[in-house]
Amino acid sequence: MSLGADLLAMATGDRQADRVVPPTGFTARLTLFTAAAMAFLAVFALALSLATGRLADRWSDALARTATVRISAPMGQVEAQTQAALRVLETTPGIASARPLGDAEQRALLEPWFGPDLPVDTLPIPQLIEVVETGDGYDAQGLRLRLQAEAPGAVLDDHTRWRAPLVRAAERLRLLGILSMALIAAATGAMITLAANAALNANAQVIRVLRLVGARDVYIARAFVRRFTLRALSGAAAGTVLAMIAIALLPGAETGGGFLTGLGFQGAGWLWPLVIPPLAALTAFWATRTAAFRALRELM
Amino acid sequence: MIEFQDVAYSYGGGELLTGIDLSLPQGSFHFLTGPSGAGKTTFLKLCYGELVPSSGRIELFGRDVRGMSRDDIAWLRRRVGVVHQDCQFLDHLPLEENVALPLTVAGRDAGAEAADLKELLAWVGLSKQRGSLPPELSGGERQRAALARAIIMAPEVIVADEPTGNVDWEMSLRLLQLLVELHRMGKTILIATHDINLIRAAKQQTQARVLRIRNRQVQLAGADL
Ligand SMILES: Nc1ncnc2c1ncn2[C@@H]1O[C@H](COP(=O)(O)OP(=O)(O)OP(=O)(O)O)[C@@H](O)[C@H]1O
Ligand SMILES: [Mg+2]
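Line by line, the protein sequences give chains A and F. Residue numbers for the first sequence follow our numbering, beginning at 1 and rising by one. Residue numbers for the second sequence follow our numbering, beginning at 1001 and rising by one.
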């Protein structure tokens, strides 16, 4: 029998065939609960993976290839030191471009902190130079030494270096989220296998009778598989909906507010959790089918 | 129909049956007798493919039972109706659905054959009990229900293990009557029993032969029985 035919037979259903295996209220409720709980956890693991993924992308993309050189010097020397620093930067391998920020740009950077009326010209504000690296990167240590020699007031502020550990942490978290989902799927499969085995053993006599009246193993297996698949599907659907509600109700904060407030799903991301119930059903289908055929082989 | 060639059957405890050469032709009516524990149930199981011989060869419908797959056995079960010694019902289903079970598991719509089912239940006198669960039935009712289930697929062969095991004489005769009627319809019948009176009653109504298990051998008994 093909897997496809089996899935089809299950979808179309057979009320009479369902009745040949006696209902087991307790196992049924446990399976439902397990599937619901696992789906609930899976939604959070999924949210975690997506959120940390977004975070890692944002941190690594946005300012990954840029650094800043800050020139803090007495008013009269700023211009000269800036020129000196630019000369050093232009001759440093691994630096694609270096550009001093204009007054308007500096004011825009400071505006969020000091308000729009900041008199940039009259304040001893350091001059900023925006540095863009090439793909290969540059030797920060060497650059610092050369800058110190040529322009004592220049300080290299290297975004990449302090962002790198954060990006690594976010990526690690995403990996853990994905691993958690895999573990949840495996645990679901294992628990459904246990439940299916218990059901098969409890129904050994029923299986005997079905065989005596000419039931093929496919038929018997199907009766169990259909049950567990439908239970896993409905349990996981309930768990997924509950988890999605819980996530939707998380207290909001402005975008980019931080890691915790970014845990929700965004836009089409809300469609992702809908994959979980069918996946749970597929897991149950496969687990029960394997357990059933093994049990039927052993039950001579 | 059923052919035994030098068949022996042994289990862990030793050889139970040996040297069986037999042929049960189509349309025949056989009884099988022997003391309790002699191997009657075992012999019947060999006849419907539940057991395979330890040595020798058994052919059912011209096919060697050894080498039959599970699906072949399922197919065999639809051609041989079996009344088991302990009936073997699904206790959670009403009598009616138990009787229709061979249809259900064969993927046939029991609803479409409801008229046949009703007629069959009337024939074995169980119309009133159709909604009862098996544990609620009396011994004789269970035996008749088992017979009804055995014949609902219109099998060519009917094998019955002590079908009158726990019913009174009147009910035994009634069950025998049903089996004799089936024989007249052309079915091949094999009944295990240790009720000599039942065999005598049958011999007055139809051409029945008797197989006897003695010293681990299954042989045709003489006319004295
Ligand atoms: N697989 C087996 N394992 C252990 N013992 C077995 C096995 N098969 C048969 N036996 C033994 O073989 C003997 C014959 O069993 P069987 O059920 O065929 O007897 P029977 O003639 O039908 O008896 P009864 O009239 O009481 O129904 C019994 O002693 C039984 O315990
Ligand atoms: Mg017996």
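These are computed hints drawn from the structure, not numbers from a lab. Heads up, some of the hints might be wrong.
[What the hints assert, rightly or not] Lysine to any residue pairs mimicking SDA-like chemistry, simulated, CA-CA at most 25 Å apart:
#, chain 1, residue 1, chain 2, residue 2
1, F, K1187, A, L212
2, F, K1045, A, A204
3, F, K1118, A, L212
4, F, K1045, A, E298
5, F, K1045, A, R146
Compare the distance between the alpha carbons of K1045 of chain F and E298 of chain A with 25 Å, and conclude whether the hinted pair is satisfied. holds, 19 Å
Check the hint pairing K1118 of chain F with L212 of chain A against an upper bound of 25 Å on the C-alpha distance. Holds - the C-alpha atoms of L212 of chain A and K1118 of chain F are around 23 Å apart, at most 25 Å.
Compare the distance between the alpha carbons of K1045 of chain F and A204 of chain A with 25 Å, and conclude whether the hinted pair is satisfied. holds, 19 Å
Hey, K1187 of chain F versus L212 of chain A, does the alpha-carbon distance stay inside 25 Å? Since the Cα atoms of K1187 of chain F and L212 of chain A sit roughly 20 Å apart, the hinted pair holds (cutoff 25 Å).
Please verify whether K1045 of chain F and R146 of chain A have alpha carbons no more than 25 Å apart. violated, 97 Å
Of the numbered hints given earlier, the model fails hint 5 alone.
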